[in-house]
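A.B. asks: Sequence:
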Amino acid sequence: MEYISVIIIAIGLAMDAFAVSIASGAAYKQLQVKHALRIAVFFGGFQAFMPLIGALAGLTIKTYIQDTDHWIAFAILSVIGGKMIYESLKISETQKNFDPSNILVLLTLSVATSIDALVVGITLSLVASNIIAAVVIIGFVTFLLSYMGVYIGRKFGHFCENKIEALGGLVLIALGIKILLEHLFFS
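If you're matching positions, the sequence shown starts at 77 in the numbering used here and goes up one per residue.
Mixed in with the good hints there might be a few duds.
[Unchecked claim] Heads up, simulated DSBU-like pairs for lysine-lysine below, C-alpha to C-alpha not over 30 Å straight-line:
1) K138 / K239
2) K138 / K231
3) K166 / K239
4) K254 / K138
5) K254 / K239
6) K110 / K239
7) K239 / K159
8) K159 / K231
9) K138 / K159
10) K105 / K254
11) K254 / K159
12) K105 / K166
13) K231 / K110
14) K105 / K231
Hints were generated in silico from the structure; no laboratory data involved.
Whole structure, please, built from the sequences with the hints as guidance.
C.D. replies: Printed below as a string of structure tokens:
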């Protein structure tokens, strides 16, 4: 898989962590650099670790599904993208009163925002030639976007977090379509 596609996947996956980072930035009364770094490290670390687990699982079943791997990648990315779009349309009252400085809350948010990455890891095992580089890119992109998201949230609040998650969903669906079309017509 080319690195441009991995970066696009990374951006799409990072959108829910980015949206939560924006909400976290808005929740802080006294935002400090250590708060933004903690959020970015947690989100980036989990976003890198989860697709690695998924990719390892995918490698064990790869030989059994080689003939249909492009359909599986398309389905996984489309379902996750659709789920992100659906979730972006829901209004969540519970996110308004959370404390992102609490380690347990941050751990829960990190797992919740990286579950999709676990499933995408299976897709990476089917289409990526260098899984380690892919998970490093995913983690790094999520780290950067989460760090920036905290400061954007501090400045602009909840104005754009749902729109960002919907955009991430659209990006993942588009990438799933690209993978399918490449395998059907250009391989």
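A.B. asks: Would you mind marking each hint as holding or not holding in the structure?
C.D. replies: Comparing the hints with the structure gives:
no.	hint	verdict
1	K138 / K239	violated (35 Å)
2	K138 / K231	violated (45 Å)
3	K166 / K239	holds (11 Å)
4	K254 / K138	holds (20 Å)
5	K254 / K239	holds (23 Å)
6	K110 / K239	holds (27 Å)
7	K239 / K159	holds (14 Å)
8	K159 / K231	holds (28 Å)
9	K138 / K159	holds (25 Å)
10	K105 / K254	violated (43 Å)
11	K254 / K159	holds (19 Å)
12	K105 / K166	holds (26 Å)
13	K231 / K110	holds (17 Å)
14	K105 / K231	holds (12 Å)
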